[in-house]
Every structure is written in structure tokens, then in C-alpha cells.
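Asker: Sequence:
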Amino acid sequence: MKKINAIVVSMLFVCTSVFLTGCDDDDPAPTILDITTLNGSWVDDNVPLAGEEEGFVVVEFLITDTSADGEVYAATLNDANIVCPDPLFRNLVAAEGNSFVGEGLLSSGGSYEDVTLTLIDDNTINVSWDCSSCTPVVDVLSKTTSLSDVLPIVVNSDIDEETTFYNIVCDPDIPDYVVTDLIDVRAHLTIMPGVVIAFEANAGMDITDVNADGSLTAEGTGSDKIIFTGTEEEAGFWRGLSFESNDSRNVLREVNVRYAGSDPIVTYGTGVALHGAVAIESESGFNGSLSIERTTISNTSGYGLIVEEGTLLREFGANSFVNNTESAVRIDANNVGAIDAFSDFFGGIPELNGTNGFNGVEINASGSSIHDITEDAVWPALDRGAAYRVEQSFDVEAQLNIMPGAIIEFEANQTAIFKQNLDIPLGTLIAKGTESDPITFTGVLKTPGYWQGLIIQSNSILNEMDYCIIEYGGSDPIAGELANIGVEKDGAYDSPSLKVTNSIIRYSAGCGIVFEAGNLNYDGSTFSDNVGLDVCL
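For reference, each letter of the sequence shown is one residue, going 7 to 543 in the numbering used here.
Among the clues, some could well be false.
Calculated cross-link-like contacts (lysine-lysine; reagent style BS3-like; alpha-carbon spacing at most 30 Å) [stated by the list, open to error]:
1. K425 / K495
2. K505 / K495
3. K452 / K495
4. K495 / K438
Calculated directly from the structure, the hints in this document are not laboratory data.
Required output: the full structure, derived from the provided sequences and hints.
Answerer: Now the structure itself:
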């Protein structure tokens, strides 16, 4: 290649020498092609991809006045790893003959080398790199009528070996990959920043450990989000993403998930089927796990995120839920402690009416009859006054710390029981609000007797409620009485203990507090509009 370039230089030198000594004015001018000759898409279909025997690279030339850049739409090129938004070629200008000269990129983030593109015919370009030891990224480009001839890449079978999806097309409105069916991810799948994956009707991905070792890492950036969407922009068009794999590499970060929820993503029992965009599932003894951060889930026909009992929500932070027909999040009690204070459950709407079916965190085991809290947890106040909604009662067998301003609302007849084990407290309630940011325990419907009330069986000396509002309890008896709070002795176990100070206890269908045994301090608390006594002994 260096020899060819040397010949070109020598020829130019001879011509220049002749010109200086007096060239014939009748000599024909050298042929110079118009730069627009490069217009269109060109493909090298013999480029090895990572983990594949062969692949391709597509170059789309962008013409600017008298020069051009070659925008690359490709996966890994040999080991060069050139992906959007690096141009493979830049500053190309027409030269003598059928050639264009400029600079070419040999590795992502690396330096540009001199390159010559020679038009062999209307449909073929030869690429020559002016470097002695470099590995050519592409050598021959063939004309293709459009990007649609080779893109998007169709995914129609399970992923059984380690695979990477690359940002092939820089335009985020054009998918890089189209998934045509419900596929299993049975090995590690990495999705690079900026990738757009579109799913055909009812298609989806199950990331599974069942007779496999599947995992999915999708980490975008603030400027290059990864997008999972439907081939049609219609709520409930494709199924969604299901994580049945307990792998720490399961990550959704800087991701958008749109238009999912076509078929049930979680099923259990008789006729119970949940639709959702993303689910962490427990399946055939395999419990899934996932970290999800700075991710937006929108336009789902169903729930935004479903977390089943027995699974693990590793990380959850700064997420957003927009226009989902059911709750933004449906989650078992033991995983609620992963929820952060900054995620948007209202869908970005300034007004508090929100855009989801329920603009908050629905607490429900999704398949299990029990979902106890067995790990210490902190429940923060949710952004913009979003609430935790208890759809299914749970036991607390660890320390639960509820932060100022939190709102916990209970569906009909539901409760939370803070448990005791012989002389050892299992559950501890620490709910310390402030005068300006009280903690609220209430019913979904604001009517006396809507939910059962809180049940304290634990004798932990840390059990404390300060600056709390407890209201609308008393649906079912606690220690023989209807009440907002029940301090109840559990059989032969040690007697319970609770301190309730500076709190408001109101609108009970029976007593404010029922006290069966143990220790109770309610100094500074006020009682109003309860059907029964303030404290029933």
C-alpha cells in the first residue's frame, strides 16, 4: 500500500515538474469526481463481529459542500469497536482520477489515519489505509440501495452464547435490532449505549436461569439511552422484559421501556395474570434479581415494574413511570426497602393527579400468600407525596424505619403485624415524623373501619411512633376490639411495647388504641372522631 502511494506522489511530482518547465496548454485536465458520487449507503459484508464468524459494516456518506464524512453504522469491526457516533471516514475530498482522500478511524476513540477511497465502478469502492502496521477496518465497500437492505438486525431465536448488541444506527428513531418472537436469554447479553431494540407484536425477552445462565446488562448514558420499544407505538404492543435470573449483572440503567404489556408477564394461581413492562420473577425455583436506575417505563398496558416475593431488587433509583395503566410499581414487602425517595411515580406531571393507574408503590406479593419483611429496611417519603399502598397484609420480622413525610395507605381489611418470637422481638417499628412532616397511616378510602389497623406484638424497646397520623382503621378486631392501633400479646410470647407520642389518632371504627398487655406510652398524642374510647384496656 505504501508503494502505491509512493507511485501516486511520484506521478504528481513529474506532472508538477513538467508544468513548471512548460506543460502543453492542450493537455486534458485530470478527472475530478463530484463528491456527491459518494451519496448513499455502502456495505462491507465480510467484517468479523465479536463472537461471530462474519458480519458487516454500513457506511452512510454525509455530503457537506465539497467534502464528506462517512458515518459508520456497524457493530464491532474486527477489534476496532467503532460504533456511533464516531465517523469511520472524515474530511473526504475529491482527488484525481476516481479517488477521494481524507482520514479514517481504526479504533473507537483512537487516532485517524490517512485513507484513500477509490471508486472502482458505480457500485464498488476500494479502501486503502496509509499505515504500515494497521489492521484494515474495511477494505471494499459495495453500494446498497438503502440502510433498510441490511438493517435492522432481526433477532428471532434464543440467545445461547455471550452476545453484545451494538449501536448500529445513530438515529434513535430507527431500531438497531428487531425481536420477532418471545425469546429466552440463556447467556450473558450486553446492550451498548444508544441501542434501540424494537419488538414485534407479543414478542419479548425472558432472562432465565432455568437450565441456563442468562443475564442482561443494559447500561446507557444520559445522552445515549437504551430503548426497548414496540415496532408500533401502541400501549400493550409487545410483552415486556422478564428477569428470572439471579445474576448481579442484570442491570437496566439509563434505559427507556415503552409500549409493553401485550401478554401476561407474571401468572400464578387460577386465572391470575399480570401484564407489565418489566418483571422480576420467581420461576421453577429460580428467583430473579435486577438493578434498575435512571430508567423510564412508559405507556404500558399494565404495571410499570413487578417484583415478586422471593426475588431481589438490588438497586432502585431516580426512575420514572409514565402513562402505565396499572400501578407504577407492584412489589413484595421485603423488597420495598430498595425504593428511593427521588423516583417519579406521577409521570412527570406537575399536578398531583399523575398519569399512572396508581401513582405510587403497590405492596403485593404477586403470587405468594405471605411476603414478610425479614431484612431491616428504610421506607423514605416518596417524591411529591406519592404513597405506599398495602394491597396484601404482611408480617414484619426485622426493623422497619419509616421516614418523615411517608404515606402508607391500606386497602380494605389489610394490616401490618410487627412480630414477636418468645422473648426475642422479631419486628420493630420506628416511625418518627416531624411536626411539619408527619408520617401517615391511612385507608385507601377515607372511611372509618376501612383497614384493620397496625398490630404491635413485638416487645422491642425501639418501637416508637412520633408525629404520626393514624386514621380510618377498625375493619377487623385486634385483641377483641376494633382500633387504629392494637398492642396485642401473641400467645405465650413476651408482652408488647409501644411508644406513641405527638401523634393524631382519629376516625377509627372503634377504639383509638386497644391495649391488651405490656407497655404503652401515648404522651402528647390526641384522639378525635373515634367511634369508641381513646384507649381500650
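Asker: Next, verify each hint and record whether it holds.
Answerer: Going down the list of hints, with the structure as the test:
A distance of roughly 10 Å separates the Cα atoms of K425 and K495; the hinted pair therefore holds under the 30 Å criterion. For the proposed pair K505 and K495, the alpha carbon gap of about 16 Å is at most 30 Å, so the pair holds. Only pairs whose Cα atoms come within 30 Å are accepted, and K452 paired with K495 is accepted, the gap being roughly 29 Å. About 24 Å separates the Cα atoms of K495 and K438, which keeps this hinted pair within 30 Å; it holds.
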